[in-house]
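Given the coordinates of chain A, assemble chain B onto it according to the supplied hints.
Number of protein chains: 2
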Amino acid sequence: MNKLNLGLIGYGNVGTGLVQLLKERRSFIRQRFNIELVLKTICDRSIHKKKVAAARSTQLTTDVNGVLRDHAIDVVVELIGGLNPTKEIAFGAIRNNKHLVTANKELIAEHGKELFKEAIKRNRNVYFEASVGAGIPIINAITDGVAGNKFNGLYGIINGTCNFILSEMTKTHCSFAHALKEAQKRGYAESNPTKDINGMDSVHKLAILTFLTTGKFVKPNDIFVEGITNIDHLDIEFADTRGLIVKLLAIAKKVNNEIEIRVHPTMIPRKHPLASVNGIFNAIFLNTDPVGDILLYGQGAGQMTAASGVMSDLINLAVRPKESAAARIENLSREFSGIKLRKMDQVETKFYIRFMAVDRPGVLAAISGVLGKYGISISSLNQKIRHRSSAVPIYMLTHPANEKMVRLALEKIAKLQVVKGYPVAIRMENLS
Amino acid sequence: MNKLNLGLIGYGNVGTGLVQLLKERRSFIRQRFNIELVLKTICDRSIHKKKVAAARSTQLTTDVNGVLRDHAIDVVVELIGGLNPTKEIAFGAIRNNKHLVTANKELIAEHGKELFKEAIKRNRNVYFEASVGAGIPIINAITDGVAGNKFNGLYGIINGTCNFILSEMTKTHCSFAHALKEAQKRGYAESNPTKDINGMDSVHKLAILTFLTTGKFVKPNDIFVEGITNIDHLDIEFADTRGLIVKLLAIAKKVNNEIEIRVHPTMIPRKHPLASVNGIFNAIFLNTDPVGDILLYGQGAGQMTAASGVMSDLINLAVRPKESAAARIENLSREFSGIKLRKMDQVETKFYIRFMAVDRPGVLAAISGVLGKYGISISSLNQKIRHRSSAVPIYMLTHPANEKMVRLALEKIAKLQVVKGYPVAIRMENLS
Numbered sequence: 183m184n185k186l187n188l189g190l191i192g193y194g195n196v197g198t199g200l201v202q203l204l205k206e207r208r209s210f211i212r213q214r215f216n217i218e219l220v221l222k223t224i225c226d227r228s229i230h231k232k233k234v235a236a237a238r239s240t241q242l243t244t245d246v247n248g249v250l251r252d253h254a255i256d257v258v259v260e261l262i263g264g265l266n267p268t269k270e271i272a273f274g275a276i277r278n279n280k281h282l283v284t285a286n287k288e289l290i291a292e293h294g295k296e297l298f299k300e301a302i303k304r305n306r307n308v309y310f311e312a313s314v315g316a317g318i319p320i321i322n323a324i325t326d327g328v329a330g331n332k333f334n335g336l337y338g339i340i341n342g343t344c345n346f347i348l349s350e351m352t353k354t355h356c357s358f359a360h361a362l363k364e365a366q367k368r369g370y371a372e373s374n375p376t377k378d379i380n381g382m383d384s385v386h387k388l389a390i391l392t393f394l395t396t397g398k399f400v401k402p403n404d405i406f407v408e409g410i411t412n413i414d415h416l417d418i419e420f421a422d423t424r425g426l427i428v429k430l431l432a433i434a435k436k437v438n439n440e441i442e443i444r445v446h447p448t449m450i451p452r453k454h455p456l457a458s459v460n461g462i463f464n465a466i467f468l469n470t471d472p473v474g475d476i477l478l479y480g481q482g483a484g485q486m487t488a489a490s491g492v493m494s495d496l497i498n499l500a501v502r503p504k505e506s507a508a509a510r511i512e513n514l515s516r517e518f519s520g521i522k523l524r525k526m527d528q529v530e531t532k533f534y535i536r537f538m539a540v541d542r543p544g545v546l547a548a549i550s551g552v553l554g555k556y557g558i559s560i561s562s563l564n565q566k567i568r569h570r571s572s573a574v575p576i577y578m579l580t581h582p583a584n585e586k587m588v589r590l591a592l593e594k595i596a597k598l599q600v601v602k603g604y605p606v607a608i609r610m611e612n613l614s
Numbered sequence: 183m184n185k186l187n188l189g190l191i192g193y194g195n196v197g198t199g200l201v202q203l204l205k206e207r208r209s210f211i212r213q214r215f216n217i218e219l220v221l222k223t224i225c226d227r228s229i230h231k232k233k234v235a236a237a238r239s240t241q242l243t244t245d246v247n248g249v250l251r252d253h254a255i256d257v258v259v260e261l262i263g264g265l266n267p268t269k270e271i272a273f274g275a276i277r278n279n280k281h282l283v284t285a286n287k288e289l290i291a292e293h294g295k296e297l298f299k300e301a302i303k304r305n306r307n308v309y310f311e312a313s314v315g316a317g318i319p320i321i322n323a324i325t326d327g328v329a330g331n332k333f334n335g336l337y338g339i340i341n342g343t344c345n346f347i348l349s350e351m352t353k354t355h356c357s358f359a360h361a362l363k364e365a366q367k368r369g370y371a372e373s374n375p376t377k378d379i380n381g382m383d384s385v386h387k388l389a390i391l392t393f394l395t396t397g398k399f400v401k402p403n404d405i406f407v408e409g410i411t412n413i414d415h416l417d418i419e420f421a422d423t424r425g426l427i428v429k430l431l432a433i434a435k436k437v438n439n440e441i442e443i444r445v446h447p448t449m450i451p452r453k454h455p456l457a458s459v460n461g462i463f464n465a466i467f468l469n470t471d472p473v474g475d476i477l478l479y480g481q482g483a484g485q486m487t488a489a490s491g492v493m494s495d496l497i498n499l500a501v502r503p504k505e506s507a508a509a510r511i512e513n514l515s516r517e518f519s520g521i522k523l524r525k526m527d528q529v530e531t532k533f534y535i536r537f538m539a540v541d542r543p544g545v546l547a548a549i550s551g552v553l554g555k556y557g558i559s560i561s562s563l564n565q566k567i568r569h570r571s572s573a574v575p576i577y578m579l580t581h582p583a584n585e586k587m588v589r590l591a592l593e594k595i596a597k598l599q600v601v602k603g604y605p606v607a608i609r610m611e612n613l614s
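Just so you know, the sequences run in chain order A and B.
Here the numbering used here is used: the first sequence runs in plain steps of one and ends on residue 614.
Here the numbering used here is used: the second sequence runs in plain steps of one and ends on residue 614.
Chain A on its own, in the form it takes in the complex (with noise of 0.2 Å):
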């Protein structure tokens, strides 16, 4: 039986919960994989003032350097998450001849290159399933499930609270504001959500999804992203007039030997399964050669189900003793030479745009003339009937447009006189 001892660094939300599942499987793992993970230390700064529910046998410190200097100790488990002191522990773990085990997407995305470099010269693994889709096995399974394809494309609704947020102003057609809230009373939002709502969370994951699937590592400040704050109930409700859904999507895709990375809000078609994916739940699309087109779908947050990719990493690293830690990374870090980025500049999508407008005549003359002068065609127009006297809304679709050509176009639009506030735009993808 293989036995591995465990050093837990950071016993909060997650770490808590996993400490419950080690115990409560503690006999299932044993029975079903013939290994033991023993807990040895739990580390966390304010670990005194907790209550732990570990075996007696567990140590208890606030003493970091004491868990990665202890050669008892087979593996770091990374629970704090953030940049800071977790780099630190997590180099520090390897450089001690320890494998690592995190759940932290922000140290993969920003540091997994040079951390994965380390771990392959010293021999030792790096496991971090719930840093992406928390316990959905989506790392695995592009790492194992369909090794051998190749990733024309991945489409990700990887952020639970901007999903739920998005979900309830389609279904109540509720402002931003109020399904922030609802998220919030709920627990599904933070006090402080900025890094959910702003899409930097998503920006993560995908850095981490975009060098699996296409050995390119990009830094998470390369990637275009937008968040959802901007979208209002209007935009939602004409989606829907025309068969639309609107998601954040995490996208990396390939096109013509570049490949796209970005984050923002997207139209989509209602039929696609990554429109039914509602609430907090994640889902990630792949299209993939030749296995085609693939949909994994779960709860990417949350306390358990963190804890259970974390749980997953530590049997499948135990189970497999004798494997070779560093060719293992170098398969899923291995960089592919001469794939470019594309420059968020020269991407081009159809977009919808939303202008807010005095209703006056003239003015959709004065906007679709700006249009014209930057190549942007429109694919169809709505607008709205004549209101009090405030502004009205006008609903364009355009043809596959240049995103320097329309942001550029839109400054000018912001302009105009008869124009109110900035213009919405929200970029579609034809997913089929």
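A portion of the hints provided could be inaccurate.
Note: identical chains are not told apart, hence a pair may lie in one copy or across any two.
Here are the simulated EDC-like pairs of lysine to aspartate or glutamate, each with C-alpha atoms no more than 16 Å apart in a straight line [what the hints assert, rightly or not]:
{"no.": "1", "residue 1": "LYS597", "residue 2": "GLU408"}
{"no.": "2", "residue 1": "LYS435", "residue 2": "GLU530"}
{"no.": "3", "residue 1": "LYS532", "residue 2": "GLU442"}
{"no.": "4", "residue 1": "LYS367", "residue 2": "ASP422"}
{"no.": "5", "residue 1": "LYS232", "residue 2": "GLU530"}
{"no.": "6", "residue 1": "LYS205", "residue 2": "ASP471"}
{"no.": "7", "residue 1": "LYS398", "residue 2": "GLU517"}
{"no.": "8", "residue 1": "LYS332", "residue 2": "GLU206"}
{"no.": "9", "residue 1": "LYS269", "residue 2": "GLU593"}
{"no.": "10", "residue 1": "LYS586", "residue 2": "ASP527"}
{"no.": "11", "residue 1": "LYS602", "residue 2": "ASP414"}
{"no.": "12", "residue 1": "LYS602", "residue 2": "ASP422"}
Everything labelled a hint here was simulated from the structure, so no lab data went into it.
For chain B alone, kept in the frame of chain A given last:
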């Protein structure tokens, strides 16, 4: 670089796809995984009549035993299908100290248990990802992806032919016969589609998923099965009025320490993710603890998607040359004691039942009288308005009712003079 010599037995549809894929992906696989998959031999009884697109170094033969005895071959890839002569081939491969990769659901469902025992004895591996859902990585997801989870329920749409037919009937309100013809025209159903439409194909796949998720080996013959041939467009249209949809589901679920295993047409809520799985697509929905609900979706059949599953198996085998095959097979085939199979007669579900009856006073009283006698309680009843003079449909939904009682009641009712033909009963699942 780890190198595996392959002996492919069976150069039919999937075999041809695999050979093509191995050739086309050779340098990609080398670069990505640092392994080499060398196709040493292709064996097929009519190999000399076929056009083979393999490398020149690949030997072509009709001699199965030669392949099994060839010391230079590390892995036998069995892509014949069915039980004869594949059973001999599979055991022969293992006994000659070769690993086995197969897409053969029947083989694994019927003889998996003994095959695994033999493989453990000789520390050889058996991989069979393509046996369920072709290239959808469902087996890998269960064994590795959500390792350590307990499985409470599994609901699969795992036969593309049936799903295409039911989707077509739902979409166009056509008859079963018409939908089947359409499936055959498009190449989604064989000219003899019996094993697909009678549910046996799903039964074999369910047997495999059942031992992987519950540790219980169940003989295909012990799995209750009902095909889709009795489904009429009347049933599908009625379901639609209640927000329900008819799917052929393969079900394995825990109920009070027993497991229910069955394949039959099932009415499920239109809002459930499985309901939007249309056409030839497959999906497997798992209720697991603690990761919660997970769905995997993709093309569950087809030459290249099946070949993809086989290729993934070969890669996973090759990248872990030092993994203990015996340990892996032990883990995935370990039986749990004390799990009982619930007899179908004891299963309880809600039912949809359609009777075709003469439109005459007293008919309803006669039917509901029999149902009442067998303890079956009706939750809703609909009768179509009077047609000419022919039989009219009477639709009923029941509260949870016992299988055996329903069967007995329907037998009685079918004998009533006012009832025409055998009633159609479709089980319902309260998927949420």
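Exercise for review: Output the numbers, in ascending order, of every earlier hint that fails for this structure.
Suggested key: Going through the list in order, the structure violates hints 1, 4, 5, 9 and 12 and respects the others.
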